[in-house]
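Chemist: Between the sequences and the hints, there should be enough to build the whole structure, so can you do that?
Given next are the chains, with one letter for each unit.
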Amino acid sequence: GAGVSQSPSNKVTEKGKDVELRCDPISGHTALYWYRQSLGQGLEFLIYFQGNSAPDKSGLPSDRFSAERTGGSVSTLTIQRTQQEDSAVYLCASSPPTEDEQFFGPGTRLTVL
Amino acid sequence: SQQGEEDPQALSIQEGENATMNCSYKTSINNLQWYRQNSGRGLVHLILIRSNEREKHSGRLRVTLDTSKKSSSLLITASRAADTASYFCATDAWGWGKLQFGAGTQVVVTP
Numbered sequence: 013g014a015g016v017s018q019s020p021s022n023k024v025t026e027k028g029k030d031v032e033l034r035c036d037p038i039s040g041h042t043a044l045y046w047y048r049q050s051l052g053q054g055l056e057f058l059i060y061f062q063g064n065s066a067p068d069k070s071g072l073p074s075d076r077f078s079a080e081r082t083g084g085s086v087s088t089l090t091i092q093r094t095q096q097e098d099s100a101v102y103l104c105a106s107s108p109p110t111e112d113e114q115f116f117g118p119g120t121r122l123t124v125l
Numbered sequence: 012s013q014q015g016e017e018d019p020q021a022l023s024i025q026e027g028e029n030a031t032m033n034c035s036y037k038t039s040i041n042n043l044q045w046y047r048q049n050s051g052r053g054l055v056h057l058i059l060i061r062s063n064e065r066e067k068h069s070g071r072l073r074v075t076l077d078t079s080k081k082s083s084s085l086l087i088t089a090s091r092a093a094d095t096a097s098y099f100c101a102t103d104a105w106g107w108g109k110l111q112f113g114a115g116t117q118v119v120v121t122p
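Those sequence lines, one after another, are chains A and B.
With the numbering used here applied, the first sequence corresponds to residues 13 to 125, in that order.
With the numbering used here applied, the second sequence corresponds to residues 12 to 122, in that order.
Heads up, a few of these hints could be off.
Unchecked claim - Simulated pairs of lysine to any residue, SDA-like, Cα-Cα distance not exceeding 20 Å:
id: 1; chain 1: B; residue 1: K80; chain 2: B; residue 2: T31
id: 2; chain 1: B; residue 1: K109; chain 2: A; residue 2: P109
id: 3; chain 1: B; residue 1: K37; chain 2: A; residue 2: I38
id: 4; chain 1: B; residue 1: K109; chain 2: A; residue 2: N22
id: 5; chain 1: A; residue 1: K69; chain 2: B; residue 2: W105
Note that these hints are calculated values from the structure, not bench results.
Since the model is a prediction, treat every value here as computed from it, not as a measurement.
Modeler: So this is what it looks like as structure tokens:
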């Protein structure tokens, strides 16, 4: 079946602009995660959605970052007023209800000029 | 901040040899997972070991966990060129899936 998909695959933006990154999890997966991978910080947890529960936002680096998950499926990560340090690969993952394994998407490479 | 530290940072071996990499972490865990990443994009889950397990096998992979030392190792036996990738350990403190990743080990397998 289809895996986790993310769009766009690459995004180049200017400093100060807002960007939206999209994640389509595997159908039936109740948990959805966002991570960020950058040269200086490695792989960092950003935010976690589980079913209808309130998301765990503890990894979001600033209030410029937000995410939502509509209908328990698609998720959008929004970065407002982008900064150069936001440049990274943003990875989305999902997992089924009874498994701890996470299935990752191919990521969105964000470059802030 | 990262939970785990991996050792070595890079490893170069020839096909057929075994590759061993280690992961140390700082706080107690529910489970520890190993992932592989090719070309700096999506990660692929390899194996999960729970805190009450000491060793686990999957194909050519063998993972050990020593909770008293807060460390884990991943062994890839009879390596192949296709095993060339970065390998990451990730800890899950509570079993909720909020993973904290190590810095990774870059493995290069030459034919």
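Chemist: Would you list, in rising numerical order, the hints stated earlier that this structure does not obey?
Modeler: 3, 4
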